[in-house]
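Could you build the full structure based on these sequences and the hints that come with them?
Residue numbers (this note's numbering), protein chains in the order written: chain F, 1 to 298; chain S, 1 to 263.
Relax, there's no trap hidden among the hints.
Calculated lysine to aspartate or glutamate pairs in the DMTMM-like style (CA-CA distance at most 25 Å, straight line):
(1) F:K150 <-> F:E249
(2) F:K272 <-> F:E116
(3) F:K272 <-> F:E89
(4) S:K137 <-> S:E74
(5) F:K196 <-> S:E17
(6) F:K220 <-> S:E17
(7) F:K196 <-> F:E46
(8) F:K150 <-> S:E17
(9) F:K241 <-> F:D174
To be clear, the hints were calculated from the coordinates, so they are not data collected in a lab.
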Amino acid sequence: MIRLADGQSVKNGVASAAEASAKKSPASFRVRVLRQDAPGRESYWECHVIPYEANMNVISVLQRIAALSTTEGGRSVAPVAWDCNCLEEVCGSCTMLVNGRTRMACTALVDRLLDEQPEEIVLEPMSKFPVVRDLVVDRRRVFRSLERVKAWVPIDGSYDQGPGPRISPEEQEDAYPLATCISCGCCMEACPQFTKVEVTRLAGESQEAFEARRNDAFDKNFLGAHAISQAMLFNAHPTGKMIADERLEALTDRGGIQMCGNAQNCVAVCPKSIPLTRSIARAGRAATLWAIRRFFDR
Amino acid sequence: MSSSSQSVDAGDTSFLERHQFLIYRLFSLAGLVPVGAFLVVHLLTNASVLAGPEVFQSRVDMIHSLGPLLPVVEWLFIFLPMIFHAAVGVAIIAGGLPNVGSYPYSGNIRYTLQRVTGMIAFVFILGHIWQLHAMGKPLGGGAFDPHHAASTAAVALQPMLVAVLYAIGVLSAVYHLANGMWSLGVTWGIWTSPAAMRRASWLSIAVGVALGAAGLGSLAGMRMVDVDEAKLIEGRMSEARELLEGKAVPQAAVVPTEGSQGE
Chain F
1 MIRLADGQSV KNGVASAAEA SAKKSPASFR VRVLRQDAPG RESYWECHVI PYEANMNVIS
61 VLQRIAALST TEGGRSVAPV AWDCNCLEEV CGSCTMLVNG RTRMACTALV DRLLDEQPEE
121 IVLEPMSKFP VVRDLVVDRR RVFRSLERVK AWVPIDGSYD QGPGPRISPE EQEDAYPLAT
181 CISCGCCMEA CPQFTKVEVT RLAGESQEAF EARRNDAFDK NFLGAHAISQ AMLFNAHPTG
241 KMIADERLEA LTDRGGIQMC GNAQNCVAVC PKSIPLTRSI ARAGRAATLW AIRRFFDR
Chain S
1 MSSSSQSVDA GDTSFLERHQ FLIYRLFSLA GLVPVGAFLV VHLLTNASVL AGPEVFQSRV
61 DMIHSLGPLL PVVEWLFIFL PMIFHAAVGV AIIAGGLPNV GSYPYSGNIR YTLQRVTGMI
121 AFVFILGHIW QLHAMGKPLG GGAFDPHHAA STAAVALQPM LVAVLYAIGV LSAVYHLANG
181 MWSLGVTWGI WTSPAAMRRA SWLSIAVGVA LGAAGLGSLA GMRMVDVDEA KLIEGRMSEA
241 RELLEGKAVP QAAVVPTEGS QGE
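If you want it as structure tokens, here you go:
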């Protein structure tokens, strides 16, 4: 009975959405893309007109743009470059600005976008990461932040350490939402406290020297909400908490949790609805206690 | 914000970078205590003018009874913490990239307003100190006379433009404190869950409304003071105070006192 009713309502939902799009669906629509040919080059806008099809997402729009490779003015151009992989909001690689807001391109549905803004769909690369080409950005800093806070459980050793401690269902429920982070970078892009760091390799600089210089530049700037949340995830884990103090040290180092300005955009844009501000506040509390402990116990 | 000329040696960091966490936490704390606490006391003292010039004068007398210690207290607990809070605040604002246009969420609007009101309050406080505090006298300000509290304040706040600027300045400072309290609670980890943050925001709104009413009430109260009447009251209180302090001898008592005239 219940299943039937559910099925019915889902069917109705699909039917009404299809009807709505059939009523208003245009023959074609315009896509404005902010392109950039290479790192450090000037960016420029380019318009493409794409024939409308039902149930498109931004990835399928980019596939059409690549297939046509012709601008609105009829000029033949190189296809727009973009990053994507899983197409189901799990891999975190297709983050871009769609109509000025950071989100995953794979779950940005054209019908909805045209409902909000019928004139055109605007695509831009993320603004807080160095552009590699067109919509492809270098998200290395997302992962550097995870390295800074040691967002892992240290279990490497030369012998079998046996099974880990048990985790209660309550703890699992608390931790699971944090574990769904896909490192997409939306929280960093929308954060007004998170600013772009772009380090370019100098002439004659070795790869090692360049990487050290780049990591130093990353490390003195804000971690981002995802890394703070991951630090809290692993500090709550019975084995992960063995290096809890090292994570707190990283959280209170330069560019750490103190950079947060509580604008709370991170939690508003997170595609996985991770309670990032709860993690930040918990990290703030842990940092407060840790700082007191460190000051008075040493 | 591109950083392309950083030192390769990661150990080579400045004092400010190494103590960033401590500095930002002290900045956060200073905003509440003593700067925020001072704002509360200041606005409530001013609001006492609504009970009449004599009540306000007695509050001011209480503060000024500190005598030569008053500037020490002012600098230690008000000006220096405020300068520290403002200096770090300016650095924080300069490092941020407000984006309410793209992300018009309530939290983001409050974040942006926190910065805007901070800057307005900073400029307002400088102007306010120049206009009314004794330190402003060499620069043509310093209009407030602690012995004639209500009357001098009433005269200074009489022009409509001054009153409007004060209303903006006071409300900015109040918003900055009320929202800053909420933000401080997240920063220090006092409220951590979204539900607790919502409850805390009600607390913040209540504090903001109460302080805003006290601020606007004082402003209106000062402007409604009958200057001539207030001067008379303040004159009487001044005499009484000097009497108590033994600095003056009452007129009526001068003649009958034996030996006082040397006769």
